[in-house]
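Trainee: Use the sequences and the hints to build the structure in full.
Residue numbers (the working numbering), protein chains in the order written: chain S, 9 to 290; chain A, 9 to 290.
Don't read these hints as lab results, they were simulated from the structure. Hints are supplied without guarantee of correctness; some may be wrong.
Because identical chains cannot be distinguished in the list, a pair is counted as satisfied if it fits within a single copy or across any two copies.
[Claimed, not checked] Below are the DSS-like pairs computed for lysine-lysine, each with C-alpha atoms no more than 30 Å apart in a straight line: (1) K244 with K282; (2) K28 with K260; (3) K30 with K282; (4) K241 with K260; (5) K178 with K267; (6) K10 with K241; (7) K260 with K244; (8) K262 with K282; (9) K244 with K267; (10) K267 with K135; (11) K165 with K82; (12) K260 with K135; (13) K267 with K241; (14) K135 with K282; (15) K10 with K82; (16) K241 with K28; (17) K165 with K267; (18) K262 with K178; (19) K165 with K262; (20) K262 with K244; (21) K262 with K241; (22) K178 with K244; (23) K50 with K267; (24) K10 with K262; (25) K10 with K30; (26) K135 with K30; (27) K82 with K267; (28) K50 with K241; (29) K30 with K241; (30) K82 with K262.
2 protein chains.
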Amino acid sequence: MKITLIGVGLIGGSMALKLKAKGLASYVYGVDQNQNHLEEAKSLGIIDEISTLENAVLNSDLIIIAIPVDATRKILSNVLDLVDDRKTVMDAGSTKEGIVNSIEDHPHRNRFVAFHPMWGTENSGPKSAISDSFSGRAGVICDRENSADDALETVQKVADALDMHLIYMKAADHDVHTAYISHISHITSYALANTVLEKEREEDTIFQLASSGFSSTVRLAKSHPEMWVPIFKQNKENVLDVLNEHISQLRKFKSALEKDNDELLEELIRNANKIRGILGEK
Amino acid sequence: MKITLIGVGLIGGSMALKLKAKGLASYVYGVDQNQNHLEEAKSLGIIDEISTLENAVLNSDLIIIAIPVDATRKILSNVLDLVDDRKTVMDAGSTKEGIVNSIEDHPHRNRFVAFHPMWGTENSGPKSAISDSFSGRAGVICDRENSADDALETVQKVADALDMHLIYMKAADHDVHTAYISHISHITSYALANTVLEKEREEDTIFQLASSGFSSTVRLAKSHPEMWVPIFKQNKENVLDVLNEHISQLRKFKSALEKDNDELLEELIRNANKIRGILGEK
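Mentor: Written as structure tokens, this is what we have:
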């Protein structure tokens, strides 16, 4: 099938590479505000043609929107204006409720499938795209009852080609769970980076002493604000809720240390250790 | 040379494997409170012989102490009682000031080299040991002026065999820097795990939605309390200082979100992004 890729960066680029490799995508039109990214994506084989939005959608069976969630909200209604009952539109955004609410009354609402692939890195742009990125990861489809069966089937084919397994959720539930499991990790990591940059004025010392542990915890702090400010804003209430809990958890460590309460310190750590079993490790 | 390994777990085991592979260690005596670990270490080729502390030290040129920092403080003076001027003692602990202070008046103080290899994982025990773990990492030697030249040369040979480069610091400075760069990362990660476990009661959802980003940020939360409670306690003042800063950084995110202050949110993220350059990446 022919595909329009709106946003030719890390996520869209990775999807297109794999869908082409698997033969599901016969031709990919690239649409992006960033002309350099479009040219990079073309030279990397992510897209076959740089196109306008209208021309691309007109000639495509599937439209994949892989841009920041605020930009998705702005463009989605226009894209749905351009489609007919043979076309499917899917997104890849990290928040869902605001996006589905923005088109709930659109006459082509049922051509849209709200999708969130549970993969990403701290990098961005077409050069960061990796074909096998999504293998073994979950893809979440939200509010499936509002999408046409054949549109859902198309997205199922995409997920199969990406080697992902599908999970179904209400958009509102998705946003609660991703605040807990994904969004707070980013704030934690940003705040850790800012903490270290504030306290450790000797940058060379950071570089020299940084262990694999520090690098791992601070990895997400390299993620760009263009993607993450809109996510935090669109999921504000859920993110604030979990951020309050996180500050309260850090205060427990502080109190345990201040009061030399070894038992509490050990209990806090043993509780945290449970994450090993939950993540499916030994 | 013959080596005594006190603590045959992740760090000691990884060191012994590499020192044997490089031919620097001709024979390794293993000393540990955990009999299972001793037997595992022997069957994994980490040690050649299970021994008492006295017998091991008597027959060794180098004694490596790789146990939790509270246990190191308890045992170090006894080990120095057993050595003569031809033997070298080194540790691998993550805090340094308490350890060097505990033996500052010992008649064999100059046989001890305070060492900290900047590597570790969230795992423990001899089965976690990896021969090439330390390659390219920094090894910190503290208060070198209190160690004999030949003892420092022995540790230099060890660092060379492990493919590490040495950095020299005062013990007090080491503890400040590691609080900033290493110890706070662990508290951050523990607190993140506890946050998610508190908010997300559906463990299966954590497992299903956990992305590589979450796994990365929460990795250190799998680290055992036996190692980390003593580190936090021995570095209490520095850790509390950086923990206060970290809570204050999280409050800035909270305030920016609550007040819809997009500019501050973006500024906080852009500042955090600087860590990419400091860690030596593109």
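Trainee: Can you give me the call for K82 and K267, within, between, both or neither, at a CA distance of at most 30 Å?
Mentor: Result: close only across copies, 23 Å inter versus 51 Å intra.
Trainee: Within, between, both or neither: how does the pair K30, K282 come out at a Cα-Cα threshold of 30 Å?
Mentor: neither (38 Å within a copy, 38 Å between copies)
Trainee: Given identical chains, is K262 near K178, meaning Cα to Cα at most 30 Å, within a copy, between copies, both, or neither?
Mentor: So K262 and K178 pass the 30 Å test across copies only (26 Å; inside, 37 Å).
Trainee: Checking K50 and K241: alpha-carbon separation at most 30 Å within a copy, between copies, both or neither?
Mentor: neither (32 Å within a copy, 55 Å between copies)
Trainee: Measure nothing new, just compare the shortest in-copy and cross-copy C-alpha distances for K10 and K241 to 30 Å and report within, between, both or neither.
Mentor: neither (33 Å within a copy, 61 Å between copies)
Trainee: Given a CA cutoff of 30 Å, do K178 and K267 count as a within-copy pair, a between-copy pair, both, or neither?
Mentor: Intra 44 Å, inter 28 Å, cutoff 30 Å: inter-copy only.
Trainee: Indicate which option fits the pair K82, K262 if close means a Cα-Cα distance not exceeding 30 Å: within, between, both or neither.
Mentor: Answer is between: at 26 Å across copies they meet the 30 Å cutoff, but 43 Å inside does not.
Trainee: From the Cα coordinates, with 30 Å as the cut-off, is the pair K135 and K30 best called within, between, both, or neither?
Mentor: Within one copy only: 20 Å inside, 40 Å across.
Trainee: Reference check for the pair K165 and K262, CA-CA at most 30 Å: within, between, both, or neither?
Mentor: Neither way: K165 and K262 sit 49 Å apart in one copy and 40 Å across, limit 30 Å.
Trainee: Which holds for K262 with K244 at a C-alpha limit of 30 Å: within a copy, between copies, both or neither?
Mentor: Classified as both: same-chain Cα gap 26 Å, cross-chain 10 Å, threshold 30 Å.
Trainee: Using 30 Å as the alpha-carbon threshold, which applies to K165 and K82: within, between, both, or neither?
Mentor: Answer is within: at 27 Å inside a copy they meet the 30 Å cutoff, but 62 Å across does not.
Trainee: Using 30 Å as the alpha carbon limit, work out where K262 and K241 are close: within a copy, between copies, both or neither.
Mentor: For K262 and K241, the Cα distance is within 30 Å both inside one copy (29 Å) and across copies (11 Å).
Checked against the numbered hints above, the structure violates hints 2, 3, 6, 10, 12, 16, 17, 19, 23, 24, 28, 29; every other hint is satisfied.
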